[in-house]
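There are 2 protein chains.
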Amino acid sequence: MTAEIITIGDEILIGQIVDTNSAYISKELNKIGVSVHQITSIEDDRAHILQTLKEASERADIIIITGGLGPTKDDITKKCLCEFFEDKLVRNKKVLKHIEELFDKYIDTPISDLNRDQALLPSKAVALHNEFGTAAGMWFEDHGKVFISMPGVPYEMRGLMESEIIPRLIKNYSRPVILHKTVITYGLGESAIAEKIESWEDNLPRDIKLAYLPNLGRVRLRLTAKGENEERLKNAIEDQISKLHKIIGDIIYGYEGDDPVEVVIGKMLAEKNWSLSTAESCTGGRLASKFTKAPGSSASFKGSVVCYSTQSKIEFLDVSEELIEEHSVVSAEVAKAMAQGARKKFHTEFAISTTGNAGPAKGGSDAELGTVFIGVATPNGVTAHQFNFGNHREKVIGKSVNKAMELLQENIIKMRDTI
Amino acid sequence: MTAEIITIGDEILIGQIVDTNSAYISKELNKIGVSVHQITSIEDDRAHILQTLKEASERADIIIITGGLGPTKDDITKKCLCEFFEDKLVRNKKVLKHIEELFDKYIDTPISDLNRDQALLPSKAVALHNEFGTAAGMWFEDHGKVFISMPGVPYEMRGLMESEIIPRLIKNYSRPVILHKTVITYGLGESAIAEKIESWEDNLPRDIKLAYLPNLGRVRLRLTAKGENEERLKNAIEDQISKLHKIIGDIIYGYEGDDPVEVVIGKMLAEKNWSLSTAESCTGGRLASKFTKAPGSSASFKGSVVCYSTQSKIEFLDVSEELIEEHSVVSAEVAKAMAQGARKKFHTEFAISTTGNAGPAKGGSDAELGTVFIGVATPNGVTAHQFNFGNHREKVIGKSVNKAMELLQENIIKMRDTI
Numbered sequence: 001m002t003a004e005i006i007t008i009g010d011e012i013l014i015g016q017i018v019d020t021n022s023a024y025i026s027k028e029l030n031k032i033g034v035s036v037h038q039i040t041s042i043e044d045d046r047a048h049i050l051q052t053l054k055e056a057s058e059r060a061d062i063i064i065i066t067g068g069l070g071p072t073k074d075d076i077t078k079k080c081l082c083e084f085f086e087d088k089l090v091r092n093k094k095v096l097k098h099i100e101e102l103f104d105k106y107i108d109t110p111i112s113d114l115n116r117d118q119a120l121l122p123s124k125a126v127a128l129h130n131e132f133g134t135a136a137g138m139w140f141e142d143h144g145k146v147f148i149s150m151p152g153v154p155y156e157m158r159g160l161m162e163s164e165i166i167p168r169l170i171k172n173y174s175r176p177v178i179l180h181k182t183v184i185t186y187g188l189g190e191s192a193i194a195e196k197i198e199s200w201e202d203n204l205p206r207d208i209k210l211a212y213l214p215n216l217g218r219v220r221l222r223l224t225a226k227g228e229n230e231e232r233l234k235n236a237i238e239d240q241i242s243k244l245h246k247i248i249g250d251i252i253y254g255y256e257g258d259d260p261v262e263v264v265i266g267k268m269l270a271e272k273n274w275s276l277s278t279a280e281s282c283t284g285g286r287l288a289s290k291f292t293k294a295p296g297s298s299a300s301f302k303g304s305v306v307c308y309s310t311q312s313k314i315e316f317l318d319v320s321e322e323l324i325e326e327h328s329v330v331s332a333e334v335a336k337a338m339a340q341g342a343r344k345k346f347h348t349e350f351a352i353s354t355t356g357n358a359g360p361a362k363g364g365s366d367a368e369l370g371t372v373f374i375g376v377a378t379p380n381g382v383t384a385h386q387f388n389f390g391n392h393r394e395k396v397i398g399k400s401v402n403k404a405m406e407l408l409q410e411n412i413i414k415m416r417d418t419i
Numbered sequence: 001m002t003a004e005i006i007t008i009g010d011e012i013l014i015g016q017i018v019d020t021n022s023a024y025i026s027k028e029l030n031k032i033g034v035s036v037h038q039i040t041s042i043e044d045d046r047a048h049i050l051q052t053l054k055e056a057s058e059r060a061d062i063i064i065i066t067g068g069l070g071p072t073k074d075d076i077t078k079k080c081l082c083e084f085f086e087d088k089l090v091r092n093k094k095v096l097k098h099i100e101e102l103f104d105k106y107i108d109t110p111i112s113d114l115n116r117d118q119a120l121l122p123s124k125a126v127a128l129h130n131e132f133g134t135a136a137g138m139w140f141e142d143h144g145k146v147f148i149s150m151p152g153v154p155y156e157m158r159g160l161m162e163s164e165i166i167p168r169l170i171k172n173y174s175r176p177v178i179l180h181k182t183v184i185t186y187g188l189g190e191s192a193i194a195e196k197i198e199s200w201e202d203n204l205p206r207d208i209k210l211a212y213l214p215n216l217g218r219v220r221l222r223l224t225a226k227g228e229n230e231e232r233l234k235n236a237i238e239d240q241i242s243k244l245h246k247i248i249g250d251i252i253y254g255y256e257g258d259d260p261v262e263v264v265i266g267k268m269l270a271e272k273n274w275s276l277s278t279a280e281s282c283t284g285g286r287l288a289s290k291f292t293k294a295p296g297s298s299a300s301f302k303g304s305v306v307c308y309s310t311q312s313k314i315e316f317l318d319v320s321e322e323l324i325e326e327h328s329v330v331s332a333e334v335a336k337a338m339a340q341g342a343r344k345k346f347h348t349e350f351a352i353s354t355t356g357n358a359g360p361a362k363g364g365s366d367a368e369l370g371t372v373f374i375g376v377a378t379p380n381g382v383t384a385h386q387f388n389f390g391n392h393r394e395k396v397i398g399k400s401v402n403k404a405m406e407l408l409q410e411n412i413i414k415m416r417d418t419i
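Chains as they are written, first to last, in my numbering: chain D, 1 to 419; chain W, 1 to 419.
Chain D with its partners taken away, still in its complex shape (with noise of 0.2 Å):
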């Protein structure tokens, strides 16, 4: 099964939104074994859709299309559908009620015909319920193609991924094994990295395909494996994993599953019933927005001090300001101090700070560009590290972030293991 991405929108084209639903939809469909080839994203012209979902239906099994069912002028996903499979607009009932619902609760403005006509579906259509939203999504089924169509607005998209198209793919189809599996290692360079196992990579099964994907100071080794039987599949994979640990087991740090790593920090914090805060400088939220973004975050996270003035740091956090004057605002003792602050103040078992220079400007301290130490507090203590991220800012902030979960998630596997 593969299946072809079209995303349509005038917005994408010109820069002013990122199509962060491509890698959302690529993603869930690969988990239940469909292969996206290829995402396309083009304006909202008749001719041009048109063409596009002509050439990708000669390309792929599934054809997803996201975006052009607003209410106005300029969304014209639907009428081009029609077009395509010679078909004409009727209304749905029950998607008529659902959006009447949707105004009676939630939009003060009185319903209009315009929002009433989202009901409007090509009658060829399977209308797919969108709990989020009044453009309902759509299935159609033609010479053996199946094609998705949803809106744009990522929640909604997501909202009918995971309860409509999903479930259906699961039901009507059988499917190959996709599985990925991704090594994260720190402290070589990729090209220091696949010199060390060229071999190893040569010699890997066929059906076993590498990636690297170095990014921000850590190198991930993603192994992808399809076929037919689970079993065989994840055996062939961790039978490679474990050669792999014989040649690079020392910068071998851990691995990634579906879970971006705060929310793995998360989980290993909640098992143990701990908790975390941050105190922040250089990564100006950038930590606390990380680990409040998941549901249930408030079990483990209780907070951050984000302290971009000095003052701040001593009012918020009681760093001292003799030990700011004598060792200045980026150092290892400022991060400690600030470390210990958060983790006294917010009263949890972890802390971890961050302060340094991200530049391009060099700040009120003496430190070089890029320098960012990293602090940590625990139940045992508190300990910081220095780092040079380089010279551009969204790097030292992008790297200070993934280095300062690094060295927590480190230090609460140390605590956990001691105790």
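Cβ-Cβ distance ranges computed for the label pairs, FRET-style: (1) 174/W / 199/D: 50 to 60 Å; (2) 50/D / 328/W: 52 to 62 Å; (3) 31/D / 142/W: 38 to 48 Å; (4) 318/W / 235/D: 54 to 64 Å.
If you are wondering where the hints come from, they were derived from the structure by calculation, not from laboratory data.
Ideal placement from N, C-alpha and C gives every residue a C-beta, glycine not left out.
Following the hints, position chain W against chain D.
Using the frame of chain D, we list chain W on its own:
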């Protein structure tokens, strides 16, 4: 001049990363009058890359390719470009020198042959200097078309766009003018707006296009004009906007430039030498991380307390325990006290606060799911507003951030106008 973007990498097609490069490239090209008509993402697969290059070159004048330039075996873009142009790889001395310098300066591991081989480029390519990385950009001209290849690492790609590609395109090609102006509205849904402005929309001149961009509580209306004469286009857009003002002036909030609202706010504050802090509960650091993303933000942004626990609201922000008991933690009173606490303790002119139930679980308060209070403290006093942002965590957080920015901007403007 039309362009297409091709992004290459298995990690995009399995959803392991979101392709943010295409949006950036599209936006930058648009600014200089180059329209992007299609974005295509494909795997590191030889046949698919060659086919996509061929198809894109049949449709567009400029073909921009990102990804697949790493030193490891899974990266095959250079090989494919050689095949496409019937070319071969030759060593580029200048690029080699740059790679050696980067290793010398920033990378701990010794340079290897694989790293040195990144200086092997197709002989027909002009090498483009990549300041931030080891993979050079490449520029090919072939049968009147331009092919540009860049690494997929976002900040490396952006460096190349800025210093090499945009200047070269400007120098070598005459391009039309493309102007966008985006009107920001609050308070009406897109269909309600569409009905009000229907006859205005129907009478737009042929060279002006309208798009509706609804997003988390606000609807943006984007007008796009394309032509030869910048002055004339500007006037035509302004003319239409003043007509629009007569119809829906009451819900027009402002205009969107290239800067996101947090940068606009940062500039407004810096102009007056005013400062800002935030106290975040349900937005969990998202406000702070937005404000601190931009270089130079420390001039106006002083910090944030992310208080996920009730205790931290009391300890860090001096919110009184009795107040919380009396009104609950999700209340206008607590939002006000949080904003005042932040304003006072960070010593800033402005402070904004959020407290609410983002869901999916109901949390410690009785407030309905989706209920959010936003507080704004200014030198003139403090206010709080209540909202219900619906039934989805991401929507609630996103809308809270947008609304908080809106209220803050309103208050800054008010303050600016009264003194």
